[in-house]
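Turn these sequences into a full structure, and let the hints guide you.
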Amino acid sequence: MRNEKFAKRLKEEREKKGWTQEHMAKLLNIKIGTLSGYERNYRTPDLEMTSKIANLLGVSVDYLLGLNDNEAAPWWEKDTPPTDIELDKFIREQPNLRIFGDPLDEEVKDDIMLALRAAWEALKKERAASKQPKGK
Amino acid sequence: MFLYKEARKLAKSGEKPLDIARSLGIKVLFAPFRKIKGLAMSLGNKRIIAINNGLSEAEQQFVCGHELGHFLLHPSTNFVFVLHNTFSYSKQEYQANRFSCELILGEKAEDYKCMITEMAASGKLDQLSRFVSEISSMNEEIP
Chain A
1 MRNEKFAKRL KEEREKKGWT QEHMAKLLNI KIGTLSGYER NYRTPDLEMT SKIANLLGVS
61 VDYLLGLNDN EAAPWWEKDT PPTDIELDKF IREQPNLRIF GDPLDEEVKD DIMLALRAAW
121 EALKKERAAS KQPKGK
Chain B
1 MFLYKEARKL AKSGEKPLDI ARSLGIKVLF APFRKIKGLA MSLGNKRIIA INNGLSEAEQ
61 QFVCGHELGH FLLHPSTNFV FVLHNTFSYS KQEYQANRFS CELILGEKAE DYKCMITEMA
121 ASGKLDQLSR FVSEISSMNE EIP
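So the sequence lines, in the order shown, correspond to chains A and B.
The numbers in the UniProt record's numbering rise by one with no breaks, and the one at position 83 of the first sequence is 83.
The numbers in the UniProt record's numbering rise by one with no breaks, and the one at position 122 of the second sequence is 122.
Keep in mind that the hints were calculated from the coordinates and are not lab data.
Note that the Cβ used here is the ideal one computed from N, Cα and C, for glycine as well.
Please note that the accuracy of each hint is not assured.
[Said to hold, decoys possible] Interface residues of chain A toward chain B, partial, derived using beta-carbon atoms under 10 Å:
no., residue
1, E13
2, W19
3, I91
[Unchecked claim] Taking lysine to any residue pairs in the SDA-like style, the calculated list, with each CA pair at most 25 Å apart, reads:
no., chain 1, residue 1, chain 2, residue 2
4, B, K27, A, K31
5, B, K12, B, S56
6, A, K124, A, D105
7, A, K11, B, E15
8, B, K91, B, K108
9, A, K5, B, K46
10, A, K78, B, R47
11, A, K78, B, I26
12, B, K9, A, G18
13, A, K124, B, G44
14, B, K113, B, R47
15, A, K125, B, I26
16, A, K124, B, N53
17, A, K109, B, L55
18, A, K89, B, N45
19, A, K17, B, S23
Put into structure tokens, the structure is as follows:
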């Protein structure tokens, strides 16, 4: 199934990261031609690769596929504070958030939640500042 | 290795890791963590470093350099955090420690190569941060 939006967003998000196709293909462990095919909407990745791409780019699969545009923004781009459930889900999706492969202990998890909330706040402030008309 | 050279190049500006991170467009936040020393995360295209505000100045600089090392050395890992006892548990942690040493010491790192390698591998935050801050504040004329 071809998906114009997916192709476009993939390219956009890759460029936002400042990655070349070659670099990103290496990170995904695929050939550059395959990635280029995705971006030109010549071919589409399977489910596994789709979620791998979303994870790597730090966006939701929904957003990549162009589903639910209203909900496309991840929690850190929304103006409403993230809920515990959202953050919990985010943490569980991070492949590196384990200690020696063990689940996080509660104190560490609290710390991470704190960091995520602080990050959300800082990014919100930054958005508000960039929306201010210049020269005022 | 290329990236350690990069660290020395960044060190040439004379700035400390906190300022270097900011000048690279990375947000630096401080939070009253209970266990975590520092944390690096990529949220979309935003890169953020959060540092425990209970650490000494030297420790904060070191942790910042360490997290910066993760961003530059391991761009595909989008979330890492540091606890005292996991400071050296992997090759990546070792590399980030070494990066931070090179970043803080700049050219001086050359004279202390062996010590840096050893300290980065043992990876105790208090030792590492004391070590680099003492050397970096030493005068140039070493006998």
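Going through the hints against the structure:
1. E13: 8 Å, holds
2. W19: 8 Å, holds
3. I91: Nearest chain B Cβ about 9 Å off; hint holds.
4. K27/B <-> K31/A: 33 Å, violated
5. K12/B <-> S56/B: 24 Å, holds
6. K124/A <-> D105/A: 29 Å, violated
7. K11/A <-> E15/B: 35 Å, violated
8. K91/B <-> K108/B: 23 Å, holds
9. K5/A <-> K46/B: 22 Å, holds
10. K78/A <-> R47/B: 17 Å, holds
11. K78/A <-> I26/B: Holds, because 20 Å separates the two Cα atoms, which is no more than 25 Å.
12. K9/B <-> G18/A: Answer holds: K9/B to G18/A is near 21 Å, not above 25 Å.
13. K124/A <-> G44/B: Distance of about 14 Å is within 25 Å: holds.
14. K113/B <-> R47/B: 30 Å, violated
15. K125/A <-> I26/B: Given that 25 Å is the threshold and the Cα spacing comes to 15 Å, the pair holds.
16. K124/A <-> N53/B: 21 Å, holds
17. K109/A <-> L55/B: Judged against 25 Å, a Cα distance of about 19 Å means the pair holds.
18. K89/A <-> N45/B: Roughly 20 Å separates the two Cα atoms, so the pair holds.
19. K17/A <-> S23/B: 17 Å, holds
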